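> Can you join these two chains into the complex? Each is in its own frame, and there are hints to help.
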Amino acid sequence: MDFIRTIATRLFYAVSLLLAVLVLNFTLIHLAPGDVADTIAQSMGGADEEILDRIRADYGLDQPFLIQLGSYMARVLRFDLGYSFFYSMPVTELILQRLPATLLLVFLAQLLALIVGVVLGVISARRPNGMLSHFVTFFALFGYSAPVFWTGILLLIAFSLKIQWFPVAGMRDVTLIGGFWAHFWDVARHLVLPVITLSSIFLALYSRLSRATMMETLGSDYVRTAKAKGLSSRSVVYKHALKNALSPVITLAGLQFSAVVSGAVLVETVFAWPGLGTLAFQSIIARDTPTILGILFFSALMVIVGNLLTDFALRAVDPRMRGRG
Amino acid sequence: MKHQLKSFLAATATAALLASGVSAQETPKAGGTLVVALTGTPRVLNPAVQSGIVTGLPGAQLFAAPLRYDEGWNPQPYLAKSWEVSEDGLNVTLHLQEDATFHDGEPIKSSDIAFSVKIIQQYHPFKSMFAPVTSVDTPDEHTAILNLAHPHPALMLAMSGQLMSIIPEHIYGDGQDPKNHPRNNEDVVGSGPFKLVEFKPGEHVIMERYDGYWEDGLPYLDRIVARIIPDSSSRTIALENGELHLSTFEAEPTLVNRMMKADGISVSGEGYGGIGPIDWLAMNTTRGPLKDVRVRQAIAYAIDKNFIHKAVLRGTAKDALTGVHPDSPLYNANVNAYDLDLDKANALLDEAGFPMEGGKRFDITMELVPFPGYKPQTEYIKQALSKVGINVTIESVPDFPSWAKLMGTMDFDMTLDSVYNWGDPVIGVNRTYMSSNIAKGVWSNTQGYSNARVDELLDLAAQENDQEKRKALYAEFQEIVNEEVPIYYLNAVPMHTFYSNKVGNPPIGGIWSTSSPMDRVWLKE
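The listed protein sequences correspond, in order, to chains R and P.
With full-length UniProt numbering, letter number 15 in the first sequence gets 15, and the count goes up by one each step, no holes.
With full-length UniProt numbering, letter number 6 in the second sequence gets 6, and the count goes up by one each step, no holes.
Just so you know, not all the hints are guaranteed correct.
One side only, chain R facing chain P, incomplete, derived with CB under 7 angstroms [what the hints assert, rightly or not]:
| hint | residue |
| --- | --- |
| 1 | Ser43 |
| 2 | Ala158 |
| 3 | Leu161 |
| 4 | Gln164 |
| 5 | Ser232 |
| 6 | Arg287 |
In silico negatives: residues of chain P with every beta carbon more than 12 angstroms from chain R [to be verified]:
| hint | residue |
| --- | --- |
| 7 | His142 |
| 8 | Trp280 |
| 9 | Thr393 |
Please keep in mind that the hints were generated in silico from the structure rather than gathered at the bench.
Since the structure is predicted, the reported quantities are computational estimates derived from the model, not experimental observations.
Even glycine gets a Cβ: it sits at the ideal position worked out from N, Cα and C.
The following block holds chain P by itself, in its conformation from the complex (with noise of 0.2 angstroms):
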C-alpha cells in the first residue's frame, strides 16, 4: 500500500512538473553542483559518432541538438527555435536560434547544422536515422534545410535527445578522423547548455554551465559531476548517503523497491519512452521446431508473464506487447496478449505434430543472454515449457561479444534479448524485422524472420507524413508479429530514476531521460 501511494504521490508530482516545467509552488534556483552517476565510462563524449546512454548523458549536455521532446511524444525548440516540413514531405527547414554559440564563442551556423549531418551520416552507428537526407542546403547563416529522397517522418525524433549533435566545423573538419578525433574526449568545444571541465576516465566526467547559452537564464546549475561508478548497489548507498543526487537507467528490481522506500529519494519509471527498452524472448525461425508458427504460439501460450511481472520483476515494469515501447504513440495494445493457456499451448504442439511421448515432445537449447539480472526468467522460462513437453537446455554463455556472434550468425534457437527502440520505429524496430536485414550482426533480423507483408507495412510507415496513417500501419505490423511470434515480448525494460528530493525538473519529464539536456534540472539547498 505504502508502494502505491508512493508511486501514486510520485506520479501526480510528476503529472504536475510536466504541466508546468517546474513544480507551481517552487521557483527553480540557479547555482549548485548537481552530482549524477554514470554506469560505464563513455567511450568518447561526442554523441555523433557514438550512440549509447553511456555517452549520453554526458553528451547531450555538451552538445544541443536541433529539436527537444516533451512527455507528450511533441517536438519542441531547441537549437531550431522553429521548423518547417514542406508539403511533399522533401525537404524539412531548421531555423536556428540566431545568438547561439559553440563553447568557443564560434557562432553555431547552418553549415555547423550541414557538416554535423554529414558525419553522423558517415559515422553513427544508426544509419537509418538520417539515410535519406541527399543534402543540406544552407541559405543563410541560421537557416538549414534538409533536403530528402524521399518523405521520412522519423526524422524529426532523429534530431532530438543525444541523435542529432550538433558539432563545430571549424573544430571536427581539420580533416582528422572524426571517430579517434582528440577533442571527442579533452577541450571539447560543444554546442549545449554545459561545457567540459574534465574527464577522466574510469572516475568521472565534470562540467560547467556554458554562461553564453543563448537560453537566458538557463542553465540553472553551476556544475555537473557524473560519476563513474559501475556497482549498482554502491550507486544506491551513495544516494541513500548523498553523495550522489541522481541516478538513472537504475534496472534491478530489488533495487528500485528498495529505494522506494528510502527517505529522501523519490523513483519514477517516467522519462523512457525514446530510449524504449524491451526484454523479449527470441526464436529463431529458421531452424528445428521452430520454424512451425504453432509451436512459437505454444511457447508464447506456456509462459506466464504474471509470474516474471511479479515473481522477478516484482512489480517494477510494464507490460509489452509488440516491438514498439508502450510509452510510444505508435503502440498498438490491441494485440493478442497470450494469456496463460496449457491446454492451447498442448493443441498447438500437437497439431504442429510434435506429439507428447513419454512426457517430452522435442529438445531445444536457450542460451542464456550474458546480461546481469537475466537468469531468473531463463530458469522460469525452461521449468514452463517442460509443462508442454518442451525440454530446454539452457547454454551459458561466457560474454557478450560470444553471445553476439551466435545471434549475428543465428547459431542459436531461443535467447532472452533486451532491444532499444531508440525513438522512431525507424532506428530501433525495424532492424529486429526487415528481411532485407537477416543475420547482419547482433541486434538485426537475427530471428530469420521474413514476411512480405511486414516489409511492405515497414516501408510504407517509414515513408508516411500523416500521423494517423503511419498509427494505423504500424498497428497491422504490429499485429503480424505478435501473430507470428518471432518475439515473444516480455515487458518493458523497468528502467528507473533514482532522484534525490533536493532536485528540482528531475530528467523524468520527457521520453530521453538524460540522453536529453539538463539545462532545466536545478538543486533546491
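Looking at chain R on its own, in the form it has when it is part of the complex (with noise of 0.2 angstroms):
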C-alpha cells in the first residue's frame, strides 16, 4: 500500500513539474523582447508591416499573456502540442520526426564514453602512476576541456576531408541506391564521428569517476581479502571490484542524460545530424514557441521518467532505500 501511495506521490510531482516547467518557460519566452513573427519576416527578407501583423494575428501574438497562456495549457491538457509558426506543422510530428535521430546518435555515445571511460578508468587505476595512466588523464581532459564543435570540426577535417573515410554531413547518402544493409551501413558511417565527437566531453567524466571510484575500491578491505585468499589480480579487479565500483558511474551516466541531449545540440549543427537538437537550437534562435515548449515537454518527460525509473530500481536493488519517502 505503502508502494502505490509512492508511487502516486512521485507521478503527482512529476505531473507538476511537467506542467511548472511548462508555464516558466512560456512565461520566460514572453518575457524576451520580439517574437516569431520578426523572425518570420527575417527569414522572408523583411515584411510589409500588415503581414507582420497578421501573422501575429493568426498565431494569438496580439491577445494578452494570459490568454495565450491559458490556451495554450488548455491545449497541452488535451495533449495537443500545438502547432509549429515557423515550421508550418504540427509540433507532435515534428519532434517526432526528429526523435529518433537523437535517440540514435545520444544512445551511442553515451554508450560509447561508458564503455571506453569505464575500460580507461579501471586500466589507469590499476597503475595510477604508470604513463598509460598519465596518457588516459590528458586525453580524457582534452576531451572535456576542447569545445565539442571544435573537436567535431576537427575529426571533419581529419578523416573527411584529408583521409575521407567517413561523410561530412547528414545522416544518409540520399543518391545511395540500395537495400536495407545498404543503408545501414550508410547510417553507421554517418554515425561515426558524431558519435565519438559527442562522447568525447563524457569519456573524462565516465574514465575519471571510474578510476577514482576503482581506486578507493582496490583499496577497500575486501578487495584485501580476496587478494589475501589468492584470486588472480584480474579476477579481484573484473569479479569483485569493478562490480562495486561501476554503481556511481552508472548513477552519473543517468544524471547526465540531460546534458548528452544538450551537447546533441552543438554536435547536431555541426555534422547536420537532423535531429531534436539542431530543431531546439533552430526553434529558440526563431522564437518558435510552441516548438521549443514541445521540445522542453519532451526532455523534460524523459529527465522525469529517467529519474522515477532510476528511484525505483534503487529501490528494487538496494534494501535500504526502501521505506524512504
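Listed below in C-alpha cells is the structure:
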C-alpha cells in the first residue's frame, strides 16, 4: 500500500513539475523582446507591417499574455502541443520526426563513452602513476575541455577531408540505391564522427570517476581479503572490485542524460544531423514558442521518467532505500 | 597573385559562359544528380507565400515565373514567351508558353496567372511588388493582361526569380489558407523544371526533372538534391571531399579565400545583383547628436572603409556607396565616397557644437547586430570613432527578435545592418527611406529619415517607365541620401558561389543566383 502511495505521490510531483516547466518557460519566452513574426520576417528578407500584424493575429500573439498561456495549457492538457509557427506543421509531428535521429546519436554516444571511459578508468586505476594512466588523464581532460564543435570540425578535417573515410554531414546518402544493409552501413558511416565527438565530452567524466572509485575500491578491506585468499589480480579487479566501482558511474550516466541531449545540439549543428538538437537550436533562434515548449516538454518528460525509473530501480535493488519517502 | 589570377580566370570563364549560355567547347550533357547546399530548412517551398533565399532555391526549381533575367539585367522569356507593355504603361500583356503544364499534367493557363497574382498580393511579404495591379484579364487561356493603377516598372523584376511563382489554381484555390496549405510542402504541384520527390525538414529537399517541362531537352539534370547543412565549415569540407557540388550565398571571407585555393572548386561573386545585399551602418536620425547631419557625416569620414574591406572582409567584397546594389543598372557611383579624413570629421563635429573636452565629445551606443560575423566591424567602428572623440558603447543583443524589436521601435542610436534590394528599388530600397514607412517593423525606415524631395523622387521613379529618366531620378535620390547620411554604406555583402568544376553552367550568370531556375545547369561527369 505504501509502495502504491509512493508511486502516486511521485507521479503527482512529476506531472506538477512538467506543468511548471511549461508555465515557467512560456513566461520566460514571453518576457523576451520580439516574437516569431520578426523571425518569419527575417526568413523572408523583410515583410510589410500589415503582413507582420496578420502573422501575430493568426498565431494569437496579439492576445494578452494570460489568454495566450491559458489557451496553450488547455491544449497541452488535451495532449495537443500546438502548431509550429516557423515550420508550419504540428509540433508533435515535427518532434517525432526528429526524435529517432537524436535518440540513436545520444544512445550510442553514451554507450561508447561509458564503455571506453570505464575501461580507461580501470586501466589507469590499476597503475595510477604509470605512463598509461597519465596519458588517459590527459586524453580525457583534453576531450572534456575542448569545445565540442571544435572537436567535431577537427575530426571532419582529419577523417572527411584529409583521409576521406567518413561523410561530412547528414544521416544518410540520399543518392544511395540499395537494400537494407546498404542503408544500414550508410547510416553507420554517417554516425561514426558525430558519436565520437559527442562521447568525447563524457568520456572524461566516466573515466575519471571510474578511476577514482576503482582506486578507492581496490584499497578496501574486501579486496585485500580477496587478494589474501589468493585470487588472481584480474579476477579481483574485474569480478569483485569493478561491480562495486560501477554503480556510481551508472548513476552519473543517468544524471548526465540531459547533458548529453544538450551536447547533441552543437554536435548535430556541426554534422547537420537531422535531430532534435538542431530543431531546438533553430526554434530558440526563431522564437518559435510552441516548438521550444514541445521540445522542453519531451526532454523534461524523458528526464522525469528517467529519474522515476532510477528511483524505483534503486528501491528494488538496494534494500536500504526502501521505506524512505 | 595566385588569387588574382584565379579570380581573373574565373571572371573570363564566367564571361564566356554568359556570352553563350554555356561554354563554347563544352556541350551540355543530360543526366546526373546535382547535390547543392541549403543553409537552413525552408519554412515552406511555395515562394508565392514565402520569400527568402532558403525557400528560393527549391522554390525556383519547383515553380516557374513569367520572366527570367540575364546578367545584363535584361528580361528574358520563361513561362511568358513574349510580353508587351502598353504605351501608357497601364497594361502589361503576357503571352504564355502554349504547351506548359503543371506537374500533374494540367495546362498552365492565364487564369493561373491571375490566381497567382491574387495570392501573392495577399500573402507575399513584399506588398509593393503588385500593389498597383488592379486586375488581371484573361482574354484567352494563354494571354494574361495585368491592369495597373499607374505605370509600375518594378513589375518586370517582380515577375522574375522567385518573386512571382505561378501556382496552380486547381490545387491552391480549394479554400484552405494558402500560407499553411498542406500542398506547400508535400505533394507539391509546381510549374517549374523540377518536381518534388521528398522534403524532409532539417535534412533535404529532393527534386527530379519534370519530363513534361515545356522546353525540349531541359532540364539537363535528372535530380537536384538540396542538403540542409547549416554550418558553413561543414559545407566547405563537403564541397572539398566531393559530397556537394554547389553552395551559394557563402559570405564568410576566410572561407571564400580558402575555397579559392581548393582543388577542383571554383569561386564566383557574380550573380547576386538581384538579391542585392548591402552591409551598412544605420543611424537613428531622430535622437541625440545623430540628429545633426554634420555628426553623421563626421562619422562617415572617421571610418576607414578600406580597413574593413582589407582587414575584415579580406578583399572579398565590392564597395557600396549607396543603398542601391553596385551591380544594379540604377546604381550611382558618382557620389561622395567619404574617404577617411579625420580633420574634416573633427571640423564637422566642432561645427555641430560638440567640442572635444578631455579627449571626448559625446557618448553614443551601438547595437551589436546578432548576425554571424559582424562583431569585428562593430569593434572597429568603436575604435575608429574614438579617434574623433565619439565614445561608442557596444550593446550586445541576444538574438534577432530582440534586435528587430529595437529597430522596429527605433530604440537605438547606431547599428550595423544587412539589407537586400530584391531586384527593383521599389521592392527593397524604398522601404528604408520613405517617410511614410518610418518605424514599421524591422527593415522599414528605422532611421526615422524624412526628406520630402526623396519621397517625391522615389514616387516619381516608381512610376517612370523611361529607363533613362528613371535612372536620373534614382541618381538624384542616391546623391541626397549619400549627402544626408541616415545610413553609411560599407560594402555589398560578399556573397559567393562555390562550385565543383564538374558543374556546367553554374548559376552565376544571372542576377538571382539559385533563386532562379537551374534548368540549364548540367554535370560534366
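> Give a verdict on every hint.
For each hint, the structure was consulted:
no., hint, result
1, Ser43, "5 angstroms, holds"
2, Ala158, "11 angstroms, violated"
3, Leu161, "5 angstroms, holds"
4, Gln164, "5 angstroms, holds"
5, Ser232, "49 angstroms, violated"
6, Arg287, "5 angstroms, holds"
7, His142, "31 angstroms, holds"
8, Trp280, "14 angstroms, holds"
9, Thr393, "19 angstroms, holds"
In this structure, the earlier hints numbered 2 and 5 are contradicted, and the remaining ones agree with it.
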